[in-house]
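Undergrad: The primary structure of each chain is shown beneath.
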Amino acid sequence: MNLNFSGPVLSQAVISGVMLGGLFALISIGLTLIWGVMKIINFAQGEFLMVALYLAFFLVSWGHIDPYITILVTVPFMFFFGIGIFRATISPILKDPVMNQIMLTLGVSLILQNLALMLFSANVQSVNTRYSSWNIHIGSVVISGPQLIAFIGAILCTLALWYFLKTTDPGRAIRASAQNPSAATLMGIDVPRTYLLAFGLGSATLGLAGSLMIPFYYASPTVGVFLGLIMFIVVVLGGMGNLMGCFVGGLIIGLAETVGAAVLPGSLARVFTFAIFILFLLFRPQGVLTKRQT
Amino acid sequence: MNLKAPYIRIVVIGALICLLPLFLSSFYMHIAVLVLIWAFLACAWNIIGGYAGQHSLGNGLYMGIGAYAVAFLLDRFNMTPWLGLVVAIALSAGAAAFIGWIVFRYALKGAYFALVTIALTEAAVYVVSNIPALGGAGGMQMEYHGNSLYYMQFAGQNGYFFMGVLLVVFILLLTQWYRRKRFFYQLIAVRENEDAAEALGVDTVKAKIKANVMSGVLCAVGGVFYAQYFLYVGPRSVFGEVVSVQILIYAIVGGLGTTWGPVVGAVLLVPLSEITRAQLGNSYPGSQLLLYGGVMVLTMLFMPFGIMGLAERLHQRWQHRSTTQVVDSQGGEAS
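Protein sequence lines, in the order shown, are assigned to chains S and H.
Counting in numbering that gives the first Met the number 0, the first sequence runs from 0 upward without gaps.
Counting in numbering that gives the first Met the number 0, the second sequence runs from 0 upward without gaps.
Note that these hints are calculated values from the structure, not bench results.
Errors might be hidden in some of the hints.
Cβ-Cβ distance ranges computed for the label pairs, FRET-style [claimed, not checked]:
1. S:L9 <-> H:G200: 52 to 60 Å
2. H:H319 <-> S:P284: 38 to 46 Å
3. S:V140 <-> H:I130: 32 to 40 Å
4. S:N134 <-> H:I274: 47 to 55 Å
5. H:L199 <-> S:L9: 49 to 57 Å
6. S:T167 <-> H:R181: 53 to 61 Å
7. H:S321 <-> S:K94: 29 to 37 Å
8. S:M117 <-> H:R181: 46 to 54 Å
9. S:V123 <-> H:F182: 45 to 53 Å
10. S:T184 <-> H:Y6: 50 to 58 Å
11. S:F79 <-> H:L267: 28 to 36 Å
Quick caveat, the model's predicted, so the values are computed rather than measured.
Glycine included, C-beta positions come from ideal geometry on N, C-alpha and C.
Work out the full structure, taking the sequences as your base and the hints as a guide.
TA: Next up, the structure:
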């Protein structure tokens with residue numbers, strides 16, 4: 000086995016890992032809200048991101064719209080897309096056993112994945128924007144410009160959602176409904192509507208992620224399979240519903256992927272990521288930042 | 000009720016199925032073999048997923064262990080698959096016991112259990128893809144020896160078909176037999192209310208580990224059968240999330256925790272998907288998985304207990320109604 004521990008490679012791997020971690024945090028914020036806070040399980044979350052990536056891709060490559068302006072389309076679209084899927088499939092079985100939700104959303108993910116395969120073929124689609132080759136050099140380390148923007152986007156999105164949940168009325172309604180639906184109803188909160196709002200928001204953040212990712216990422220029918228699993232891993236690592244933890248969880252997995260890829264041969268870095276996930280689930284299921292409840 | 004009736008039913012239906020090769024062309028015989036492979040795997044998953052209620056999304060791991068064990072041993076040491084089968088059983092039993100011990104000792108359940116099992120089967124894909132001795136990402140082609148019982152290989156589909164019928168009849172008899180045993184009652188108790196089961200003295204962790212081992216070993220046997228039929232194993236064709244989900248779709252649509260459910264699901268869905276693939280596969284790739292997705296969503300929305308579950312409930316309601324009618328009429332006479 001050829002291990003590579005040279006300094007520049009490793010420092011580049013760390014910087015790339017932090018950037019990738021920001022990206023992972025960005026795509027996981029939505030799941031933190033809908034799974035972490037609202038306890039709705041959506042195994043199709045990765046496929047929602049795939050939809051957003053395709054939407055951003057077509058807006059940029061066919062509509063010749065600046066990728067960062069497509070946010071104005073992708074975010075509202077994904078909001079209503081999420082609400083539509085929620086109303087049609089998840090909301091009727093919200094009170095059924097957890098496993099039924101898993102199976103149902105797995106079904107939704109199969110549908111979305113294979114519809115994309117039928118409509119857009121299995122080809123990996125990426126678009127060259129004027130940001131794509133924008134690199135920032137710091138010493139021997141290179142940071143990709145669009146990735147830095149996605150990183151900043153992840154921070155801003157996390158802060159915005161945190162502020163929304165803590166201080167605004169709808170945000171409080173979301174937390175109240177998650178904590179105790181019947182008490183929330185008695186306090187005059189329209190709980191089903193709040194669930195809808197939370198799910199829509201969780202999906203809308205993926206619209207943002209799709210637009211921020213398309214300058215340096217790609218769209219393909221199976222892009223959501225791995226990223227969807229990453230989302231669940233990041234949310235578990237961060238601690239269910241902990242937004243700041245979600246960011247830290249993203250960084251851990253981002254670093255695991257890039258440092259792992261620099262050190263381990265082939266695609267074995269993935270195994271590293273899964274191993275971290277399983278160890279966390281076994282030994283620290285409450286996540287990195289959350290204190291253990293006794 | 001005659002206690003032997005369910006066993007007799009299984010054997011008689013199995014015997015009747017053996018007449019199929021007289022009527023089917025080779026294309027439909029291929030589909031029939033696929034039905035048997037997936038029915039067997041779904042029955043195996045049903046033990047941990049249906050009876051114990053632990054929805055593993057990673058049983059492809061054990062199927063892959065079985066398939067790769069025979070393929071590797073045949074390829075490297077020219078070892079007969081019958082010995083390979085023994086190795087496959089031992090390896091999968093070890094893996095399932097170890098994973099079950101870790102996962103259930105830490106009381107991972109529901110979504111967490113599902114996620115861990117996905118992570119494990121996906122990790123297996125990447126591990127196997129990076130081991131050149133196992134053929135790497137390209138997988139392994141197995142040597143064809145013609146009609147040979149020693150190599151567990153047959154010319155044409157009929158040999159595999161009869162082997163498949165034997166396997167499915169075996170797993171149905173096994174499930175039916177265990178249904179009347181303490182072990183399965185423990186599993187059902189765990190599924191329905193784990194805390195109550197624990198309070199009543201069921202060692203729930205031990206019961207779940209046993210179920211995981213039983214399910215894993217049988218999935219490995221299914222994997223051996225799969226490898227022998229296709230004479231090819233690849234990381235994504237026997238390991239990974241897609242295969243694992245495919246295994247459980249049949250059980251869920253057919254009816255979780257019922258003896259016949261997984262078989263009914265496979266009998267309905269496999270031909271449907273194979274014919275869809277044959278008709279539309281070239282112009283619309285993915286059409287059969289789209290179909291599976293749709294069936295899964297509709298099942299969960301309108302028939303969460305699956306076909307056999309629904310039939311069982313209708314049957315119970317009908318029986319219930321007829322008994323209450325009897326009671327009513329007797330009560331009427333007395334007063």
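Undergrad: Determine whether the Cβ-Cβ distance between N134 of chain S and I274 of chain H falls within the hinted range of 47 to 55 Å.
TA: holds (52 Å)
Undergrad: Could you see if the CB distance from V140 of chain S to I130 of chain H stays within 32 to 40 Å?
TA: holds (33 Å)
Undergrad: Tell me if the beta carbons of V123 of chain S and F182 of chain H are separated by a distance inside 45 to 53 Å.
TA: Distance hint for V123 of chain S, F182 of chain H holds at roughly 49 Å.
Undergrad: Given the range 53 to 61 Å, decide if the beta-carbon distance of T167 of chain S to R181 of chain H lies inside it.
TA: holds (55 Å)
Undergrad: Assuming the hint says 46 to 54 Å, is it satisfied by the Cβ distance from M117 of chain S to R181 of chain H or not?
TA: The hinted range 46 to 54 Å holds for M117 of chain S and R181 of chain H, with Cβ atoms some 49 Å apart.
Undergrad: Range first: 38 to 46 Å. Now tell me if the beta carbons of H319 of chain H and P284 of chain S are that far apart.
TA: At 43 Å between Cβs, range holds.
Undergrad: Return holds or violated for the Cβ distance of T184 of chain S and Y6 of chain H against the range 50 to 58 Å.
TA: holds (52 Å)
Undergrad: Verify the CB-CB distance for L199 of chain H and L9 of chain S against the hinted window 49 to 57 Å.
TA: holds (56 Å)
Undergrad: Quick one: are L9 of chain S and G200 of chain H within 52 to 60 Å, going by C-beta?
TA: holds (55 Å)
Undergrad: Look at the Cβ atoms of F79 of chain S and L267 of chain H and judge whether their distance stays inside 28 to 36 Å.
TA: holds (35 Å)
Undergrad: Can the suggested window of 29 to 37 Å be confirmed for the beta-carbon pair S321 of chain H and K94 of chain S?
TA: For K94 of chain S against S321 of chain H, whose Cβ atoms are near 32 Å apart, the range 29 to 37 Å holds.
Checked against the numbered hints given earlier, this structure breaks none of them.
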